[in-house]
Amino acid sequence: MTNGLVLAILGAALAALLAGIGSAKGVGLVGEAAAGVVSVDPSKFSKVLILQLLPGTQGLYGLLTAILMLSRIGVIGGNAAQLTTAQGWMFFVAALPIAVVGLISAIFQGRTAAAGVGITAKKPEHNGKGIIMAAMVETYAILALLISILLIYNIAI
Amino acid sequence: MSTTKYANAVAAVKAMENNLLTRADIDQLINTRTRAEFISALAAKNTAAGEGSSLAEVWDMLRAYAPDSEELKLLAYRNDFHNLKAALKAMISDHDPKQYFIRPTNLDLEALVDLLKTKEYEYLPEHIRSTAAEAYELLTRTLDGQLSDSLIDAACLREMQKKAHKCSGDMMKQYAQLITAAADIKTAFRCALMGKTKNFLGTAVCGSEKLEKDDLVREALAGTESLLAYLENTEYSEAAKLLRESPAKFEKWCDDVIIDIAEEARMLSFGYEPLAAYYLAKESEIKNVRILSVCKEFGADRDTITERMRKLYV
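Protein sequences appear in the order of chains S and F.
Heads up: the first sequence runs through residues 1 to 157, numbered per the working numbering.
Heads up: the second sequence runs through residues 1001 to 1314, numbered per the working numbering.
This is chain F alone, in the form it adopts within the complex (with noise of 0.2 Å):
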């Protein structure tokens, strides 16, 4: 599809941009002395990042906008499969997954538990299909919540790097690859930590590009120094030492890689990039609104909450 198709919406999304929190406007709410005061400031920006739906709202209408959804897609898979984990553990144990669904996602959700009850997994969105089958049978046969959990999430990044490949740009392959190392990164390292078998490890670690699966695997077997000395030697060694002094600054990192992306993205006037690009800004920027929230719950001092803050979009 021609890019320029996009033109209507690139506009919309860059008048849209204007919205988003600045600088100043996070400054301010750092300076908020208490929640209460934070709140308000919050609703005075008139923005909706204090609203849990937000996301699902900027997605929905950043699809209504869009000509062609499918490459944007992608940005919801890592939903998609937290749902598909919500609906066969709420199925196994017979509760209701409805509280345990994130949006955005890409699936019909109620077609998705009457499908699994069903077995009918021929009808489910193929990039889940096989993903469903295999995690319903490993569930049932092991019990083993955490195995099929991981199963569900290498596959989750699987899906996502090859989605990522049919994909014009390289916006989404950049997007793929960082999600899918950072994942495989924390993975490995859990692992390495709790001492995981080599089978648990073959099955949760996914493996990419620029971190092949079978070292990381190994040298997660050795330990985690070994893991972290690895790592340092690989494009992921800035991640690798802020992973080594806390995993709070890694998931900084990784956060702030994303808006390094979508920065790149949103220099395009054409494509479906800018709208990828303000999703991703729109997310972190919700994220960034949860961190101060909390940190004012528990009356965090300035520089706790300015060395948490994620980079910004704008």
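The shape of chain S in the complex, shown without the other chains (with noise of 0.2 Å):
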């Protein structure tokens, strides 16, 4: 095993991680809201519910990304290839986007969607603008896992 290959393990390890703590710490927040309202209103579960899953989609960007990152370099498939030092580098960086941008946005989309359930709670016929406010924070997550993607991609082995 050389070092690249090390390094590009490293990069997807990271991308899983970094953007799966993020979606934690998330989602954990919406739902201690969410459990919130729904002890003084029950009917309210299916609405803040929806609230509570969206900051769980980068933790969902970054096993894509991981994934797809294993199986370029043949991790997956039992072929790993053996990268130069500045290849496995260049894959330590393709991961990074969604790595950094998905633990900072899991974790801010988790606040704005926190506040959204607040809004369920007082006014559950504005529910959907709670979600598009928590939603507008997923489009930097989206460009993030879009330029790893394409780094993936566009390394030549």
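Just so you know, not all the hints are guaranteed correct.
Unchecked claim - Here are the simulated distance ranges between beta carbons:
id	chain 1	residue 1	chain 2	residue 2	range
1	F	Phe-1298	S	Phe-108	49 to 57 Å
2	S	His-126	F	Asn-1019	15 to 23 Å
3	S	Ile-142	F	Glu-1212	55 to 63 Å
4	S	Thr-85	F	Asp-1170	51 to 59 Å
Everything labelled a hint here was simulated from the structure, so no lab data went into it.
Glycine is no exception: its CB is placed at the ideal position from the N, C-alpha and C atoms.
Both chains come to you apart, so use the hints to assemble them.
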């Protein structure tokens, strides 16, 4: 196993790890807020559940990035490429956009969605506005995912 | 503590806000013809506002939801100091103080009575500790209940301001400032009417950032007209104009400004402020229901009732 391969695997792990941590924090925060509403009005469970799901997507993006990267370098399939150190660094850096932006955006999306739970609690008919506001944060996670994928598929092996 | 720790509590409070009386509910209650009809309409609203202990229940519930209720404690300071007054007077006159106690409170009331009896002030909560010792000494030395009450009231306001400055955000600072200023204005005005001495005023008036104690004492000693003229040149000019018209209008102004403070806080998504705002809203709602109840008892007309109604939170 070359140093390059180790760096690439480290990048894949980082993408899944950081984005996953961000999502866990975000989903957890919205879950706390949602539980507060449901403890008073259980009929709002389905509406607040949608908001709770939103910060979970960054974790999926991190997972997707990790799988694509592992597949590209041949770790999935059992035919790992002998990457140079420079190539390894390139894969590592390719994982960073979704790893870092995934972590931060999931936490902030969690805050926005938790605030949206307040809207649902007070004015359930305006639940959609809370969802839209939280979904706006998602944009940046999607952009980061896009860049990570483009980088992964454009690194020459 | 991170404000996001309050996510659960704030969301629960937002859901509970839906149970507060709305403008339409109040209008419907005003339109009832008799007190019996009023009580039945109130019961139909399925609100706890008609129950005497509901504020204590709201308090217990908020403290159960809040991960750290330290900042909320300030809201019950006035009750704490009232209970101190009640316990001291009951002890001196050998009465049972239980009937004079009010809730919610931060104090363990049974322990308060025991500790006052044994003079173990050091075991009392910090905010009432020194006041309890001073008030007991003053009361036993002078047997002047009014002077002792004034000392406790002023100490309460000082402690509220001290506590407010330790709280994060502006809400508690604004609240403590308003409560202090309103109490000082009322005290100074009454003292001016009754021609109280400088010494008494010095004990009874607390003073705050926006209303200096020395200024209030000086103007109160010069008479009500001088006091009101002074207040009209401060931030509390509107309050002074209303106090000139009637003390009831002044009281209403104070309650409405408290709701304005709560209104700002309710816009926040995290932190203790929405919880405090809900407590203040509930307090105002209970006051509105009581006013309505009394007005219905005495057959007051719609305009009279509407004039006395406090601003609504929802």
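Against the structure, the hints come out as follows:
no.: 1; hint: Phe-1298/F with Phe-108/S: 49 to 57 Å; in the structure: holds, 56 Å
no.: 2; hint: His-126/S with Asn-1019/F: 15 to 23 Å; in the structure: holds, 18 Å
no.: 3; hint: Ile-142/S with Glu-1212/F: 55 to 63 Å; in the structure: holds, 58 Å
no.: 4; hint: Thr-85/S with Asp-1170/F: 51 to 59 Å; in the structure: holds, 55 Å
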